[in-house]
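Trainee: Listed below are the residues making up each chain.
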Amino acid sequence: MTRVEITIGFLSLLGVIAITAAVGIGEGVKEGDNGRLAKAALGFEKRSVESGAQMFDQYCANCHAFNAAGANCPPLDETSGLHGGDLGEGVAWRLEEMHWDRADVYGYVYSTIAAGRMESSRPDRYQGLDPKIMAMPAWSQQYGGPLRPDQMKDLANYVVNFRAYLPSAKEEAAYEKGCRQVMEIMNPSRPQYVSKCYEKLCVVAYEAKGKTPPTMPEAPPKPADGQEKDPAYVAAKAQYDANLTRYWASFWSGCKAAGGQAPPDPITATPLPAVAASTPGGTGEATVAGDAGTAEAPAGTGTPATPATAAAGGGATATATKKP
Amino acid sequence: MLGSGSLRDKRETMNKEIQRLKAFDWRGYFGMVLDGVVRGIMAGLSAKELRAILRGDPPTERPNPRYKAMVKSFTLHLRPKYYQRASTWFTHTWRLGWFSVFFFVVETLTGIVLMVFYAPTPERAYGDMLTILSNVPFGQFMRDLHRLGAEGMVAVVVLHMVRVYFTASYKGERSFTWFTGMVLLLFTLVLSFSGYLLPWDQLAYWAVTIGTSMAEAAPPPAMGKAVNILLRGGVDIWAGGLLRFYLLHVFLLPLLAIIVISIHYYKVAREHSISLPAAVEEGEMEPEAKRHAVERIDLIPDLVIHEIMLASLASLLMVLAVATFYHAPMEAHADPQVTPLHTEAPWYFLWLQGLLKLGDKTLMGVVLPTVIFGVLFVVPWLDQNPHRMARKRPGAIIIGIISVILMIILTYMGTPGFGIETPPAQDILSHLVPATSPGPVKELPWDEVEAGPLDEAKGVHGKRTYFVSYPPDWEKQASYQNTEEFVFIKPEGQETKGLEADNEFLEILRHFKAEVENSPKLMPPVDDSAPLAKVTVEETQPGLKWAHFSITWDEMAVNDKDGTPLVFDSGDFKGQTKLKRETKAIPAPDVQEAKIGLHRDSFYGR
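Chains as they are written, first to last, in our numbering: chain A, 1 to 324; chain B, 325 to 930.
Any given hint could be a false lead.
[Claimed, not checked] Only part of the chain B face toward chain A is listed, based on derived beta-carbon distances under 7 Å: (1) Ser397; (2) Phe398; (3) Thr455; (4) Val604; (5) Glu605; (6) Val628; (7) Ile629; (8) Thr648; (9) Tyr650; (10) Pro653; (11) Thr864; (12) Pro866; (13) His923.
[As the list claims (entries may be wrong)] Incomplete in silico selection of chain A near chain B, CB under 8 Å: (14) Ala53; (15) Asp57; (16) Glu97; (17) Lys132; (18) Pro149; (19) Lys237.
Hints in this document: simulated from the structure, not taken from any laboratory.
Predicted, not measured: the structure shown is a model, and the values here were computed from it.
Backbone N, C-alpha and C define an ideal beta-carbon position, used for all residues, glycine too.
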């Protein structure tokens with residue numbers, strides 16, 4: 001009997017060890033592994049989206065409309081300029097407009113839900129709940145609202161999930177769509193946001209006509225430290241700047257010829273001073289384009305060095321940049 | 325100065341020394357050292373002795389070193405040297421006391437692991453649970469083991485009490501042991517219940533809310549209120565209550581339990597041992613058989629080996645269950661604003677819920693349970709019958725059987741469906757889309773819940789309406805002929821156009837249809853303005869479907885007081901019965917709705 005018991009005990013112990021090891025392997029402990037842990041994490045995230053959808057229906061659909069299409073309050077769906085900040089400038093224009101890191105949709109949405117909005121930031125378009133009281137109520141319990149942090153997290157997850165409409169295959173289309181909105185909404189007052197979009201839509205226009213845009217001149221290799229005054233480099237740089245100005249001039253004129261739209265003359269635009277001063281071109285590419293502008297105008301004129309100003313080309317640029 | 329002569333002398337001495345070392349009994353020496361080490365660790369048992377134990381040989385030394393272990397080792401000194409054979413019969417004890425301790429150890433070990441990843445605050449608790457389940461290797465494994473062990477411990481402790489009652493092992497010197505056992509039963513129940521709140525999900529929150537609200541019924545009202553606030557740490561359970569339950573669960577109760585378990589077990593091991601079966605103690609047996617039955621079974625090796633086998637086997641079964649089918653439930657975040665339609669107590673408190681349905685909260689929820697437990701505590705002193713044989717104590721056996729049956733009935737009565745009338749529409753929808761648990765629809769494969777036609781531009785599927793119960797002529801209407809957008813659910817056996825016959829969602833919808841159509845209270849809207857029941861499914865984000873269940877019905881208006889139908893007092897319809905909609909300011913049928921989001925990657929029940 002003792003031997004039988006010892007055998008059963010020993011085999012059971014082996015079984016426990018084997019099953020535990022199997023569970024451990026199933027967990028997919030390695031990073032990036034498609035184990036149970038990764039699946040569970042995804043599952044919980046999406047359950048949060050589910051309950052966020054239910055909560056949106058309960059609390060938000062009243063003003064933002066079913067499926068966040070927008071009514072009295074702005075849309076929050078994939079057409080809204082909240083999403084796809086990683087796709088490039090202009091797509092998450094709403095976040096840029098509000099001076100928020102355009103990659104951080106979640107943070108923006110969460111804070112907006114939590115604190116609400118005292119006044120509509122675009123009263124011409126969206127009245128909000130009640131202009132006399134508050135455009136959007138504060139939902140966080142911290143500010144007297146009804147929602148707990150976990151509920152706001154679910155809601156924000158639901159809104160962020162509209163990003164699912166913008167998969168990588170549709171990046172271009174989304175970018176274009178975002179740009180059209182950006183130009184429609186923001187062009188008159190804040191041209192610095194839209195320069196990239198003009199460029200983008202021009203490329204679309206070129207393609208529609210079956211034409212190829214002119215090739216961008218290549219910048220001379222950056223000199224080593226202390227060699228910026230090297231005459232050879234200075235000459236190459238001046239040549240490059242001139243080429244760039246020519247390039248932009250031909251790019252925009254070709255765009256117009258293809259039925260596209262060049263940026264408006266900055267003289268007619270009235271930039272909001274605070275915003276205009278604080279926002280330079282944006283991405284690295286934009287700065288390269290902006291070099292043309294700074295080359296012609298002395299620095300510190302207060303006009304941002306954006307491709308919009310740079311690209312207007314020729315004499316117009318000179319006049320524009322000299323205007324303080 | 326070293327001369328050659330002295331070197332020769334040295335050689336001589338070295339040779340002698342080598343001879344001496346060669347002659348030395350190294351084997352014996354190291355054997356002795358090793359033996360000392362083994363004996364030191366194994367409480368005086370030599371390696372030879374251990375070998376003999378494993379081979380089932382008799383002791384190798386006199387006096388029996390296997391008895392010496394109880395004197396030499398702290399852990400073993402808690403154990404008896406032997407039991408009588410009959411008290412170790414499996415069908416006598418069912419090893420229930422042993423399993424209680426086993427589960428207690430499992431709970432302690434897994435609980436310590438879980439504690440590392442858990443903080444008892446409302447802001448963090450639920451999130452920490454999700455982290456344990458999705459970000460901690462073996463986190464779910466540990467949690468499932470902990471939960472399974474908890475259920476097992478309650479079950480085993482209760483069964484242990486039942487066994488001790490029916491074998492009359494509580495009499496005489498065992499009276500106080502029974503009393504400590506009852507204390508441990510209470511501890512086990514409260515330990516399990518206090519752990520119930522910690523996941524901070526809806527199931528936990530509402531079960532504990534109901535549980536503590538019973539304390540409020542304790543007379544007099546001032547005391548009930550005080551006890552309730554003491555437990556909850558406020559008017560409602562929130563941060564204070566969670567911390568209190570946590571401290572009860574991880575600190576106070578385990579500490580007290582360890583002390584009382586020690587007392588309970590020490591009395592068994594040192595004072596009166598495990599009882600002999602009544603038949604052996606009192607019955608008439610052949611002297612030979614009786615001698616065999618009371619023979620000593622030594623703890624070492626027989627019982628220890630048996631216990632190690634039990635531990636391994638039980639661990640294997642638990643681990644197997646946890647790795648395959650058993651998973652501790654986890655519902656939505658605790659929400660004081662959303663009351664589930666049915667709040668279910670943990671199964672070991674269902675009898676209490678059943679009692680509550682029978683009458684007054686104070687009497688049934690507090691007084692009666694207190695009396696029941698009070699009587700159980702003093703069973704050994706109430707039962708003055710000295711006999712242990714079942715046929716010599718028929719009264720006690722009958723009372724025991726009746727009590728067990730009553731408990732089972734009360735437990736059945738405590739299940740949510742029993743005896744509670746909920747409005748039928750709400751009830752039907754709460755089965756499909758429960759407020760607290762995922763429910764059948766969320767557990768379906770995502771693709772089976774089909775939305776409408778694909779919108780190419782947006783990449784999502786449009787709206788699809790499932791008419792579950794509908795006016796018959798709607799089916800023929802031209803506008804509803806597109807089966808991609810409109811589906812008319814047919815009963816079992818008839819083909820439903822637009823859905824595969826083996827679609828699991830169709831099965832649920834058929835069930836839904838049968839439920840609404842068989843509910844006598846739900847009348848289809850008299851003017852056919854809406855279907856009695858329908859579901860719309862729409863993909864609102866890629867991967868997220870939005871299902872909207874609704875029941876629209878008319879019912880007869882009844883008098884709130886006596887339930888008699890209302891009739892028109894005057895006008896054209898004088899004397900005729902009224903519809904409920906005709907009593908409303910704006911006449912409309914009643915509507916009950918439930919909406920849920922279904923995400924492709926939410927992995928419910930899969």
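Trainee: Evaluate each hint against the coordinates.
Mentor: Quick rundown of the hints versus the structure:
no., hint, result
1, Ser397, "violated (21 Å)"
2, Phe398, "violated (24 Å)"
3, Thr455, "violated (9 Å)"
4, Val604, "violated (20 Å)"
5, Glu605, "violated (25 Å)"
6, Val628, "violated (10 Å)"
7, Ile629, "holds (5 Å)"
8, Thr648, "violated (9 Å)"
9, Tyr650, "violated (13 Å)"
10, Pro653, "violated (14 Å)"
11, Thr864, "holds (5 Å)"
12, Pro866, "holds (4 Å)"
13, His923, "holds (4 Å)"
14, Ala53, "holds (3 Å)"
15, Asp57, "holds (6 Å)"
16, Glu97, "violated (24 Å)"
17, Lys132, "violated (28 Å)"
18, Pro149, "holds (6 Å)"
19, Lys237, "violated (47 Å)"
Of the hints listed earlier, those the structure fails to meet are numbers 1, 2, 3, 4, 5, 6, 8, 9, 10, 16, 17 and 19, in rising order.
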